[in-house]
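Student: Sequence:
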Amino acid sequence: MIKGILFDKDGTLIDFFSLWQPAIIPVLNQLIKDYHLYPSDIYLEQLSDAIGFHNGEVDPEGAIAWKPYQLIAEDLGEIIEKEVKDLDYNLLTQRLQDYFTDAVHVSMSDIPTFTDTRKLFDKLKRMDIAIGIVTTDTFLSTWKTMEDLGLDHFISFVGTSDNSRPIKPNPELLYQAARLWGCDSSEIIVVGDTPNDMRFANNGRAIGVGVTSGTGNLFSLAEYTSYVIPTVAELVPLLEEINQMKEDPRVNY
Numbered sequence: 011m012i013k014g015i016l017f018d019k020d021g022t023l024i025d026f027f028s029l030w031q032p033a034i035i036p037v038l039n040q041l042i043k044d045y046h047l048y049p050s051d052i053y054l055e056q057l058s059d060a061i062g063f064h065n066g067e068v069d070p071e072g073a074i075a076w077k078p079y080q081l082i083a084e085d086l087g088e089i090i091e092k093e094v095k096d097l098d099y100n101l102l103t104q105r106l107q108d109y110f111t112d113a114v115h116v117s118m119s120d121i122p123t124f125t126d127t128r129k130l131f132d133k134l135k136r137m138d139i140a141i142g143i144v145t146t147d148t149f150l151s152t153w154k155t156m157e158d159l160g161l162d163h164f165i166s167f168v169g170t171s172d173n174s175r176p177i178k179p180n181p182e183l184l185y186q187a188a189r190l191w192g193c194d195s196s197e198i199i200v201v202g203d204t205p206n207d208m209r210f211a212n213n214g215r216a217i218g219v220g221v222t223s224g225t226g227n228l229f230s231l232a233e234y235t236s237y238v239i240p241t242v243a244e245l246v247p248l249l250e251e252i253n254q255m256k257e258d259p260r261v262n263y
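This note's numbering numbers the first residue of the sequence shown as 11 and each following residue consecutively.
The set of hints was computed from the structure by calculation and includes no laboratory data.
Careful, some of the hints might be misleading.
[Unchecked claim] FRET-style restraints, in silico, Cβ to Cβ:
1) Glu-251 <-> Asn-212: 26 to 36 angstroms
2) Pro-32 <-> Glu-244: 37 to 47 angstroms
3) Phe-27 <-> Asp-138: 31 to 41 angstroms
4) Asp-51 <-> Met-11: 49 to 59 angstroms
5) Met-11 <-> Leu-101: 46 to 56 angstroms
6) Glu-55 <-> Glu-251: 40 to 50 angstroms
7) His-115 <-> Asn-253: 34 to 44 angstroms
Virtual Cβ for every residue (Gly too), placed ideally from N, Cα, C.
Whenever a hint applies, use it, and build me the whole structure from the sequences.
Tutor: Right, here's the structure in full:
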C-alpha cells in the first residue's frame, strides 16, 4: 500500500507557465543591465539558451525546468564571465532568487492550480496518505505558496534546495521522508512534471508518476515511468489502481 506522496510544486501543483515562464525574459534582461552585457539581444539569446528557454518554450531537461538557483547561476555565469572578471556567484545566485521571487509573486494574487488542491489533499489525508513537497525552490517561497493555497496543514514534509540540502535527483530527501513517515521508499509516490522528478523517484526506489501539466511531455516522462497522467486531478484513481496492483501477488511489483 502507498503510505505517502511527495509532490513537486511548479508545473505539478501550480501552473509553471502562468507564473514562472513570463518571468524568465524580464529576469534575464535585468541581469544584462546589472552586468552591462552588450549587445543585449545577443546576450539575451545566449542566456536563454543556457537555461533551456528556446523560442518561447522551456526544455524539460533545461536548467530553468529543474535546477535550483545556485546551479542556474553556474550555467548563466559561463556566459556572463565573458564580460565580467571574478564574477561573484553568490551575488548572482541571490539576484536570481530575488528577481524571480519578485516577478512571480506579482502574479500570485490568484495562484493557478490544476484542480481543487485542498479537496485533493483532504481526500488523500482521509486515505491515510502522508503528504510532502520536494522542490528546487526555497523553503520560504514554497511554504508561503502552500499557506496561500490553504495546504500547509496537510503537509508533513518539505524538501527544498536551500540550506545546503541535497537536490533532486539525489534520493536523500526521499529517504528522509520515508524515515519520517515510518515506511519504505517503495511505498512512496513521487509526482512531478519533469524527467528529473522521475529520476528522483527511480533513484530512491519510489513510484514515479509524471504529469504533463508542466514542462515535461508524455515522451520525456515515459522514458522513466509507466505512469503518466495529464494533471494531479487524475491522481486518486491512479493511486487506487497502484494499490490494487501492489496487493495482487501475481504482479511482480
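Student: Is it true that the C-beta distance of Glu-251 to Asn-212 lies inside 26 to 36 angstroms, as the hint says?
Tutor: violated, 20 angstroms
Student: In this structure, is the beta-carbon distance linking Asp-51 and Met-11 contained in 49 to 59 angstroms?
Tutor: holds, 55 angstroms
Student: Range first: 46 to 56 angstroms. Now tell me if the beta carbons of Met-11 and Leu-101 are that far apart.
Tutor: holds, 48 angstroms
Student: Would you say the C-beta atoms of His-115 and Asn-253 sit inside 34 to 44 angstroms of each other?
Tutor: holds, 38 angstroms
Student: For the pair Phe-27 and Asp-138, does the Cβ-Cβ distance stay inside 31 to 41 angstroms?
Tutor: 33 angstroms Cβ-Cβ, so the 31 to 41 angstroms window holds.
Student: For the range 40 to 50 angstroms, tell me whether the beta carbons of Glu-55 and Glu-251 fit it or not.
Tutor: holds, 45 angstroms
Student: Is 37 to 47 angstroms respected by the C-beta to C-beta distance linking Pro-32 and Glu-244?
Tutor: For Pro-32 and Glu-244 the Cβ distance comes to about 26 angstroms; the hint is violated.
Checked against the numbered hints given earlier, this structure breaks hints 1, 2; the rest are met.
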